Amino acid sequence: MTPNGAVAFALLIIVSALLARNLTGLLIILGATTCFALASRRPVWSALGWSSGIVLPLALFMMVVWVGIVGRAPHEIAANAEGSRGAALLHVAIVCLRLFIIAFIVQATFLHFAGWTPLRFIGALALPRVAKKLLVLTLSLMDTILQAVDRARTALIGAGLITRERSWRNLRHGWILVQTVWLTVITIVLGRTRDKWPIENTLTRLEDSLAARATARLAAADFGWIALALAAGMMGLRWWN
Amino acid sequence: MLTTPRLTAIALCAALNFAIGNVVYLIKLPIYLDSIGTILCALLIFPDRLAAIACAFIAGLIAAILTGLMLNPFLPWFTLTILSIAIVSALLTGLAIETFRARPLPVPRFLGAVIVCGLVTGVVSAVVSAPVVVYLFGGVTGSGSAFVVAFFLKTGQQLLESALFAGLATDPIDKTLQVLLAALLYRATPHEFIAMLAPARTSAA
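Those sequence lines, one after another, are chains A and B. Add 13 to a position in the first sequence, counting from 1, and you land on the number used in my numbering. Add 25 to a position in the second sequence, counting from 1, and you land on the number used in my numbering.
Take the hints with a grain of salt, since some may be wrong.
Stated by the list, open to error - Cross-link-like lysine to any residue pairs, in silico, SDA-like; alpha carbons within 20 Å at most:
| no. | chain 1 | residue 1 | chain 2 | residue 2 |
| --- | --- | --- | --- | --- |
| 1 | A | Lys-209 | A | Glu-220 |
| 2 | A | Lys-209 | B | Met-221 |
| 3 | B | Lys-179 | A | Ser-153 |
| 4 | B | Lys-179 | A | Ala-100 |
| 5 | A | Lys-209 | B | Ala-220 |
| 6 | B | Lys-179 | A | Ala-91 |
| 7 | A | Lys-146 | B | Thr-29 |
| 8 | A | Lys-146 | A | Ile-158 |
| 9 | B | Lys-179 | A | Ala-94 |
| 10 | A | Lys-146 | A | Val-162 |
| 11 | A | Lys-146 | A | Arg-55 |
| 12 | A | Lys-146 | A | Ala-94 |
| 13 | A | Lys-209 | B | Leu-32 |
| 14 | A | Lys-146 | A | Thr-228 |
| 15 | A | Lys-209 | A | Arg-133 |
| 16 | A | Lys-146 | B | Glu-217 |
| 17 | A | Lys-146 | A | Thr-217 |
| 18 | B | Lys-179 | A | Phe-74 |
| 19 | A | Lys-146 | A | Leu-61 |
| 20 | A | Lys-146 | A | Leu-132 |
| 21 | B | Lys-179 | A | Leu-243 |
| 22 | B | Lys-179 | A | Ile-90 |
| 23 | A | Lys-146 | A | Pro-211 |
| 24 | A | Lys-146 | A | Ser-97 |
| 25 | B | Lys-179 | A | Leu-102 |
| 26 | A | Lys-146 | A | Val-20 |
| 27 | A | Lys-209 | A | Phe-134 |
| 28 | B | Lys-179 | A | Ala-92 |
| 29 | A | Lys-146 | B | Leu-27 |
| 30 | B | Lys-179 | A | Pro-211 |
| 31 | A | Lys-146 | B | Lys-179 |
| 32 | A | Lys-209 | B | Met-95 |
| 33 | B | Lys-179 | A | Val-20 |
| 34 | A | Lys-146 | B | Met-95 |
| 35 | A | Lys-146 | A | Thr-167 |
| 36 | A | Lys-146 | B | Leu-94 |
| 37 | A | Lys-146 | A | Arg-98 |
Unchecked claim - Ranges between beta-carbon positions, derived for each pair:
| no. | chain 1 | residue 1 | chain 2 | residue 2 | range |
| --- | --- | --- | --- | --- | --- |
| 38 | B | Thr-28 | A | Ala-233 | 25 to 31 Å |
| 39 | B | Leu-96 | A | Ser-97 | 32 to 38 Å |
| 40 | B | Ala-213 | A | Trp-58 | 54 to 60 Å |
No lab work stands behind these hints: they were computed from the structure. For clarity, every value in this text was computed on a predicted model and none was experimentally measured. Note that the Cβ used here is the ideal one computed from N, Cα and C, for glycine as well.
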């Protein structure tokens, strides 16, 4: 499977999950997503755990609001009907299952390319060159920012301006940390764009490297997965009401 | 429009959005602060309005996609909100760049500009976000504003109206804070970096 095929499959699943309006339809789409995750031949527990970790707190919160406080489903509110907590619970289940599918398909896609570096994955995507370059630069600068945060934090703790634990001093001097990080990063970026990159010819080499990693847009297996996503989506839509 | 320095600025602002947004998301603050980089990108490129809109939107979009892949898979759904923030920042907030960089700091003028721009950004983003909140989240996200939605639903309002009112009650505060932080970061940015982002013909001149 190619990254392009995986992204196409994921997008089709997400669109299907958004269009499906009842539990049966969503369960069919979840089934297709689970098959996709299992086909990666890697342990799917981490993907399931991550997705559950994102959706469960939201589900509890929604239950408090919809079942506990409001006590009616949106269509009952729209119809000005008295409504029931059961209908509100069903509404929460549908919304949460949809959100779970979206979170799970992202993780399932990662499972297929678990051994790949971000550079390899981005290079293999069928995207315009400038978009690939931007993604790689952003990932690189994210690392730079995180390193700058570490360095600035250590320096400011050493200077006694902020502390490791929560404190009023952190609140009072937090802005100094933000400003220090920003100035550090700007200085690094200025140095890179003005001197380092032109001397090392970094951007041209990056483009060459991304072009060299470009693979076939879609492989035969991708079409099978895309057909499965379409079938699951159509079946999910059949149970529209 | 997309010169190498501007590409770098976009990547930098996207990384900033990602870093600050994630910290806020992880420590569960009742605010978002995930658009500071978007607003800052528009300010950095400002006199060229079209480029400012495009670059700020791209910075916000990349940050949303990366955050969506790594941390919060629901953020990319707010792409239209990102676009609206980029437009307001390039067309309105950018007008205050001289006030933001003035030395010494003209406190009343600075705060006035931040509040006006923050409120407008907040109102626009609340209006654009409401349909996404209703459709994707069923009207209730994990933030404290959900209780505001519940309150309006209890008073008999429809779901879309409730989500809109809740957004209007919380977004302007969040966006005012974001405009303030973006303005302060813009103020702290070296002139050399901003000059580098000017269109090529201006630099050559």
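Hint-by-hint comparison with the structure:
no.: 1; hint: Lys-209/A <-> Glu-220/A; in the structure: holds (16 Å)
no.: 2; hint: Lys-209/A <-> Met-221/B; in the structure: holds (15 Å)
no.: 3; hint: Lys-179/B <-> Ser-153/A; in the structure: violated (48 Å)
no.: 4; hint: Lys-179/B <-> Ala-100/A; in the structure: holds (16 Å)
no.: 5; hint: Lys-209/A <-> Ala-220/B; in the structure: holds (19 Å)
no.: 6; hint: Lys-179/B <-> Ala-91/A; in the structure: holds (13 Å)
no.: 7; hint: Lys-146/A <-> Thr-29/B; in the structure: holds (10 Å)
no.: 8; hint: Lys-146/A <-> Ile-158/A; in the structure: holds (18 Å)
no.: 9; hint: Lys-179/B <-> Ala-94/A; in the structure: holds (13 Å)
no.: 10; hint: Lys-146/A <-> Val-162/A; in the structure: violated (24 Å)
no.: 11; hint: Lys-146/A <-> Arg-55/A; in the structure: violated (30 Å)
no.: 12; hint: Lys-146/A <-> Ala-94/A; in the structure: violated (54 Å)
no.: 13; hint: Lys-209/A <-> Leu-32/B; in the structure: holds (16 Å)
no.: 14; hint: Lys-146/A <-> Thr-228/A; in the structure: holds (16 Å)
no.: 15; hint: Lys-209/A <-> Arg-133/A; in the structure: violated (23 Å)
no.: 16; hint: Lys-146/A <-> Glu-217/B; in the structure: violated (24 Å)
no.: 17; hint: Lys-146/A <-> Thr-217/A; in the structure: holds (10 Å)
no.: 18; hint: Lys-179/B <-> Phe-74/A; in the structure: holds (17 Å)
no.: 19; hint: Lys-146/A <-> Leu-61/A; in the structure: violated (31 Å)
no.: 20; hint: Lys-146/A <-> Leu-132/A; in the structure: holds (10 Å)
no.: 21; hint: Lys-179/B <-> Leu-243/A; in the structure: violated (40 Å)
no.: 22; hint: Lys-179/B <-> Ile-90/A; in the structure: holds (10 Å)
no.: 23; hint: Lys-146/A <-> Pro-211/A; in the structure: holds (16 Å)
no.: 24; hint: Lys-146/A <-> Ser-97/A; in the structure: violated (52 Å)
no.: 25; hint: Lys-179/B <-> Leu-102/A; in the structure: holds (16 Å)
no.: 26; hint: Lys-146/A <-> Val-20/A; in the structure: holds (18 Å)
no.: 27; hint: Lys-209/A <-> Phe-134/A; in the structure: violated (26 Å)
no.: 28; hint: Lys-179/B <-> Ala-92/A; in the structure: holds (14 Å)
no.: 29; hint: Lys-146/A <-> Leu-27/B; in the structure: holds (12 Å)
no.: 30; hint: Lys-179/B <-> Pro-211/A; in the structure: violated (62 Å)
no.: 31; hint: Lys-146/A <-> Lys-179/B; in the structure: violated (49 Å)
no.: 32; hint: Lys-209/A <-> Met-95/B; in the structure: violated (30 Å)
no.: 33; hint: Lys-179/B <-> Val-20/A; in the structure: violated (41 Å)
no.: 34; hint: Lys-146/A <-> Met-95/B; in the structure: holds (19 Å)
no.: 35; hint: Lys-146/A <-> Thr-167/A; in the structure: violated (32 Å)
no.: 36; hint: Lys-146/A <-> Leu-94/B; in the structure: holds (18 Å)
no.: 37; hint: Lys-146/A <-> Arg-98/A; in the structure: violated (50 Å)
no.: 38; hint: Thr-28/B <-> Ala-233/A: 25 to 31 Å; in the structure: violated (41 Å)
no.: 39; hint: Leu-96/B <-> Ser-97/A: 32 to 38 Å; in the structure: holds (36 Å)
no.: 40; hint: Ala-213/B <-> Trp-58/A: 54 to 60 Å; in the structure: violated (45 Å)
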